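K.L.:
Chain by chain, the residues:
2 protein chains.
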Amino acid sequence: MSRFSFYQRFSRAFNGHPSLANILVVFSISGGGLVAYSESKSYDGVNIVNPSEVDSKKKRVVVLGTGWAGTSFLKSLKNSSYDVEVISPRNYFAFTPLLPSVTCGTVEARSIVEPIRNIVRKKDLDICYWEAECFKIDAKNKKVYCRSNQGNNLNGNEEFVVDYDYLVIAMGARSNTFNTPGVEENCHFLKEVEDAQKIRRTVIDCFERASLPNLSDEERKKILQFVVVGGGPTGVEFSAELHDFVNEDLVKLYPKVKDLVKITLLEAGDHILNMFDKRITAFAEEKFQREGIDVKLGSMVVKVSDKEISTKERGNGEISSMPYGMVVWSTGIGTRPVVMDFMKQIGQTNRRAIATDEWLRVEGCDSIYALGDCATINQRKVMEDISAIFSKADKDKSGTLTVKEFQEVVDDICERYPQLELYLKNKQMGSIVDLLKDSKGDVAKESIELNIEEFKKALSQVDSQMKNLPATAQVATQQGSYLANCFNRMEECEKNPEGPLRFRGEGRHRFRPFRYKHFGQFAPLGGEQTAAQLPGDWVSIGRSSQWLWYSVYASKLVSWRTRTLVVSDWTKRFVFGRDSSSI
Amino acid sequence: MSRFSFYQRFSRAFNGHPSLANILVVFSISGGGLVAYSESKSYDGVNIVNPSEVDSKKKRVVVLGTGWAGTSFLKSLKNSSYDVEVISPRNYFAFTPLLPSVTCGTVEARSIVEPIRNIVRKKDLDICYWEAECFKIDAKNKKVYCRSNQGNNLNGNEEFVVDYDYLVIAMGARSNTFNTPGVEENCHFLKEVEDAQKIRRTVIDCFERASLPNLSDEERKKILQFVVVGGGPTGVEFSAELHDFVNEDLVKLYPKVKDLVKITLLEAGDHILNMFDKRITAFAEEKFQREGIDVKLGSMVVKVSDKEISTKERGNGEISSMPYGMVVWSTGIGTRPVVMDFMKQIGQTNRRAIATDEWLRVEGCDSIYALGDCATINQRKVMEDISAIFSKADKDKSGTLTVKEFQEVVDDICERYPQLELYLKNKQMGSIVDLLKDSKGDVAKESIELNIEEFKKALSQVDSQMKNLPATAQVATQQGSYLANCFNRMEECEKNPEGPLRFRGEGRHRFRPFRYKHFGQFAPLGGEQTAAQLPGDWVSIGRSSQWLWYSVYASKLVSWRTRTLVVSDWTKRFVFGRDSSSI
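Going down the list, the sequences are from chains H and G. Each number in this note's numbering corresponds to the 1-based position in the first sequence with 54 added. Each number in this note's numbering corresponds to the 1-based position in the second sequence with 54 added.
Honestly, the hints are just simulated from the structure, not real lab data. Just so it is clear, the structure is predicted and the values come from calculations on it, not from any experiment. Where hints are given, some of them may not hold.
If chains are identical, the list can't say which one is meant, so a pair holds when it fits in one copy or spans any two.
Claimed, not checked - Under the rule of at most 27 Å between Cα atoms (straight-line distance), these lysine-lysine pairs were calculated in the DSS-like manner:
#: 1; residue 1: 310; residue 2: 112
#: 2; residue 1: 112; residue 2: 190
#: 3; residue 1: 129; residue 2: 316
#: 4; residue 1: 510; residue 2: 366
#: 5; residue 1: 176; residue 2: 521
#: 6; residue 1: 510; residue 2: 361
#: 7; residue 1: 176; residue 2: 306
#: 8; residue 1: 357; residue 2: 610
#: 9; residue 1: 312; residue 2: 176
#: 10; residue 1: 197; residue 2: 312
Pulled out of the complex, with its shape left as it was, chain H reads as follows (with noise of 0.2 Å):
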């Protein structure tokens, strides 16, 4: 919180002396890592076991993705004890939030890459990287079957198993096109550095095909109609993006045709950006109309065809149908082919994605650990084990819970169940004695004595409050760097557990559970405008939160060489515009 009441004073000195914005960025970035955004260094600086120590047969850690989660996770491994297998169709990290800058060439698609060998070369461990697709997971043998993307020189060798000890699933999730007919045939994603390059091109296609003599107006608005689906950050990052490209890049070398792009946003939802602060809403909304990019709420995708794109209205029913030069479809995250498959496998159907515990531990699985977009908490509930909880605290058997009992367990409680510290953050109590007290009545403190049933009932809405955590960068990197870190003192732990009583069972959890810290989103609007949300419902909209937005993200790249790249297409956008060649 500190860090971030600094920027807001800074930011504010900047809103009239934009030119001191430079000062924050340089700062920032030679600082490397001042603005400590999305990746939580708590784990930091533990004890690493001597390979000594350790049995000289290595225990095999096969890593599945090399996306957010499985990146943090490689980078954050110092244990050398693990013989470590990464398995991703993609030899390279990809920063993401970029993406959309890519799609327009504000950033360039290189820019935002780092070779996954690169990242792991640095280390003194034993990792080995395979391009290739996991397309079956065999739990019970411990196996993952691994398929070449290149296949066809290799003479029927790109096919192959790797046994494992420990399975990290980190494949990340596809785009969710809800089954709607035509979307997976029309459409482009968002989701791959191949999808923002393909989007680039077809942009550029798109104007050029306009041009073309023959044609008539309203044949050349048809193809200069720009469809975005979906007004999450995604879908209203990327309509902004080709607002900006096309208003002050495109125009200039496209003049005949200018007049005729259109940018419609679909939502079939009430608002865009709805997980934002409602202020951030309405700014962008209002902006996005001022801009004349059309923003049709409520209306629902039902089938796009190969020249139309055709919608519901949320309120009447109305099915219409417009023309369209480019859909981008990005409505959020569905199930990978193969996670849905391994969640078969293991008893987890009619779920979107893998249920870990709060260890990362998948549910009903040995030695399989999920955690990304491919995954979600199934966080325990307070209820579930409401008597446990009673007769471990009770522990003089008494059948009632003084005060003093309860105030030696609850330290472990709140490690252990998370929602009861956010419900009494809520309800805005000092500890939970308050709470105790609260089903009570008005008693001394010392005298207050719980039987089961009102024990129940103190606690009975605490549940309330778990939420599942959001598909974002930054959970799968704190997820990643936590498991490596457990991973990292494995040994260590088994000694000495650092986790919290254990209620069902005997003794104390090996590790503490995962816990996510929550630093802020940004969503850029296009114009040098950004709005960021960060935590304490601090909320900043326009050209400071764009120059935060910049100093963040260049500081959080993953390499000096990314850094250096994205700054600098940035000052070459600056100074020459986006290029609208078609390669």
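With chain H's structure known, arrange chain G on it following the hints.
P.N.:
Frame of chain H; chain G shown alone:
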């Protein structure tokens, strides 16, 4: 020449002090065009016809192609009395000499391209660009047939016909496979930006494939066998780039397979770089041998299957095969189908390229010009016109030619038949009088008098000096700006023809014929070493020429944008190495 001796001295100084070289580059770049290398500026500074003087109905000039020739034409065109339409499937100009650098990521693809709309926009001319491919030229009806290359959404409007008053054909050439079976399907070419990008991806793919588990070393070796066909400047530069990429960057990331990589360069002739000085050839062959690049001379490719490439030894006719991971085919240029079709139409069969006269007008056609790689100048022979020359020179119709008579037309002859000047230079004769003297024996200059037979004898060897121009960017650029200058001064020179006497007709030619000025050639050999062959047989090999190469290429880039980007790419490569992400 004085310019190059300046460099000569200058670059010698750098052999001992490499750091000085940085100054040279910065100097050249900030100077912009200090080194006027491939582009002749001798046609600049001409008068532009006032638009009000010309007919209100503008003539329509259609330019096919946006390569070196087409772009140079468009850049130099200043006369606003034309309606110019540019048609090309690529909406950008690519600085092709840097394509080999793009294959390995020394330079990014986008850094060497500039949108053609950006290039033509700066002028107050009516230049209009359409992204389409011309698939038929109808010379009889003065029409070209074009097709948009992204058709599917145009409702049948993807084809269109354009009328022209003047047609400028600058469509370049395609790679020549010599109809070798399997080349089209299995080899990579290196003519377009997309080719270079594909090669880059394939190189990384080969390394990733070879790193997969379950492969024998034999199989890994096959995958890491890179074959380059053609020992011309492109093939040699690509081999060198690939060698550097592997040894400077990839060995660090793929330590397990680095010793299995092999680069083989196949050349059908006796030597690589055979258009260069022998010193350069010898140096290059020795350097490649030292570095382990396997140069196979006298080796003709007869077939390429999906796994093997078969070659025939020119010496013993023996055919052998070797497996490969990637083949790059760069053996020279062939004719595009549409150009072939056009040549058939106008009766130019059995030729490699469109024949034009010295004014770049297509032979046998009205108002059609051809330049760059798709055309060759069919230079007129002196011996064909010898009688006409004689009678034109013999003003008093005496049947004999005196030196005085001859001297009156000698400038026109030399201008019309440049082979004469070349012949005199090679024979080390000061003037044409020496040639006449030579045929008459040792008589006083004033008393020389030749009849037609003696005149024929004197000039009989002159035509042996005729040579086709090479298919280089340098030639194409000079042709483009030459032709633009003809168009710029069309009306002016109609009134006051500036060309040489018409020996077969009346009056003078409207323009001076095209004359090529050779400014030298580079052959980058990798490892920061370049061979340079400059006019006057001046040869330089090594680090100093590499810096000359950097300077010249940086200064010749088409715009400040590309210049900045390429220099920053070079810097980036020095600092961070080349990127190996497979995107």
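K.L.:
Please go over all the hints and tell whether each is borne out by the structure.
P.N.:
How the hints compare with the structure:
| no. | hint | result |
| --- | --- | --- |
| 1 | 310 / 112 | between (66 Å within a copy, 20 Å between copies) |
| 2 | 112 / 190 | within (24 Å within a copy, 68 Å between copies) |
| 3 | 129 / 316 | neither (43 Å within a copy, 33 Å between copies) |
| 4 | 510 / 366 | neither (46 Å within a copy, 88 Å between copies) |
| 5 | 176 / 521 | neither (37 Å within a copy, 57 Å between copies) |
| 6 | 510 / 361 | neither (59 Å within a copy, 72 Å between copies) |
| 7 | 176 / 306 | between (46 Å within a copy, 11 Å between copies) |
| 8 | 357 / 610 | neither (39 Å within a copy, 51 Å between copies) |
| 9 | 312 / 176 | between (49 Å within a copy, 18 Å between copies) |
| 10 | 197 / 312 | neither (56 Å within a copy, 29 Å between copies) |
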